[in-house]
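In our numbering, the protein residues as written are 618 to 833.
In case anyone wonders, no lab produced these hints; they're calculated from the structure. From a predicted model like this one, the values you see are computed outputs, not experimental measurements. Heads up, a few of these hints could be off.
Taking lysine to aspartate or glutamate pairs in the DMTMM-like style, the calculated list, with each CA pair at most 25 Å apart, reads [to be verified]:
no., residue 1, residue 2
1, K777, E693
2, K769, D737
3, K777, E832
4, K643, D706
5, K793, D815
6, K769, E781
7, K777, E758
8, K727, D791
9, K769, D791
10, K769, E708
11, K769, D815
12, K777, E767
13, K793, E714
14, K777, D815
15, K643, E758
16, K769, E758
17, K793, E832
18, K793, D737
19, K777, D721
20, K777, D791
21, K727, E797
22, K777, D822
23, K777, E824
24, K793, E693
25, K793, D770
Here are the in silico distance ranges between beta carbons for each label pair [claimed, not checked]:
no., residue 1, residue 2, range
26, E824, S690, 32 to 38 Å
27, R752, R726, 35 to 41 Å
28, A766, N681, 18 to 24 Å
Where a beta carbon is used, it is the ideal one built from N, C-alpha and C, also for glycine.
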Amino acid sequence: MNLDIRAGEFLAIVGGNGSGKTTLAKLFNGLLRPTAGTVTVGGRPASGRTVAQLARIVGYAFQNPDHQLFCSSVEEEIGFGPRNLGCTDAEVASRVEHAIEAMDLNHLRKQPPLSLRLGDRRRVSIASVIAMSPRVLILDEPTTGLDAAETKDLMAHICKLNREGSTIVLITHDMKLVAEYAARVVVVAQGRILLDSDPRGAFSDPEILRQSNLEP
């Protein structure tokens with residue numbers, strides 16, 4: 618597998634269950650390490666750098682937000698990452714405010730994250746990653762379980778981050794989401810890249826879709 622992701626892109630990684638999408642993405646920030654080959658982040662090999670060091674560049678929002686949430690309030694949750702990166706109290710407060718504003722969470726800042734509805738929990742989990750100011754944001758199935766209105770609201774926030782310069786890597790089974798928002802699509806099957814194209818090119822190749830168990 619050979620893949621370059623460029624700064625400022627909005628990239629979707631798609632494929633059937635077990636195709637290697639999440640495994641690939643977890644290599645980007647050291648949650649997994651390659652058994653062969655090289656992963657380069659920001660022009661430097663990822664090997665030798667800790668997950669905490671890579672988290673300053675590549676943020677990862679898990680498929681299940683409940684795997685990330687554990688603090689007693691939304692603002693405490695969002696501040697946990699930058700505090701553990703060694704930020705000063707003033708910088709933590711500044712980053713928390715930025716992330717709360719980015720994900721429109723001000724009205725929920727004192728609430729326990731795990732008491733919120735799913736759409737809000739997803740926004741909190743993404744805000745907690747944004748607070749670490751990564752240049753790349755990986756979103757693993759961010760709209761699973763959300764209704765159409767919640768999905769549109771979440772993606773509006775994500776698109777704003779992209780316009781402001783963040784690189785977005787979207788892992789999803791939702792082809793409508795890919796068609797509406799992604800500028801580039803990488804189709805993965807059995808740990809290999811079948812296609813690297815724009816959405817129109819990806820969805821116009823029925824054989825690639827068949828091989829990757831995707832429906833147009």
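So, going through the hints one by one against the coordinates:
no. : hint                       : verdict
1   : K777 with E693             : holds (24 Å)
2   : K769 with D737             : holds (13 Å)
3   : K777 with E832             : violated (28 Å)
4   : K643 with D706             : violated (30 Å)
5   : K793 with D815             : holds (14 Å)
6   : K769 with E781             : holds (18 Å)
7   : K777 with E758             : holds (18 Å)
8   : K727 with D791             : violated (33 Å)
9   : K769 with D791             : holds (13 Å)
10  : K769 with E708             : violated (31 Å)
11  : K769 with D815             : holds (21 Å)
12  : K777 with E767             : holds (16 Å)
13  : K793 with E714             : violated (32 Å)
14  : K777 with D815             : holds (20 Å)
15  : K643 with E758             : holds (14 Å)
16  : K769 with E758             : holds (14 Å)
17  : K793 with E832             : holds (10 Å)
18  : K793 with D737             : holds (22 Å)
19  : K777 with D721             : holds (12 Å)
20  : K777 with D791             : holds (20 Å)
21  : K727 with E797             : violated (34 Å)
22  : K777 with D822             : violated (30 Å)
23  : K777 with E824             : violated (34 Å)
24  : K793 with E693             : violated (34 Å)
25  : K793 with D770             : holds (15 Å)
26  : E824 with S690: 32 to 38 Å : violated (51 Å)
27  : R752 with R726: 35 to 41 Å : violated (25 Å)
28  : A766 with N681: 18 to 24 Å : holds (21 Å)
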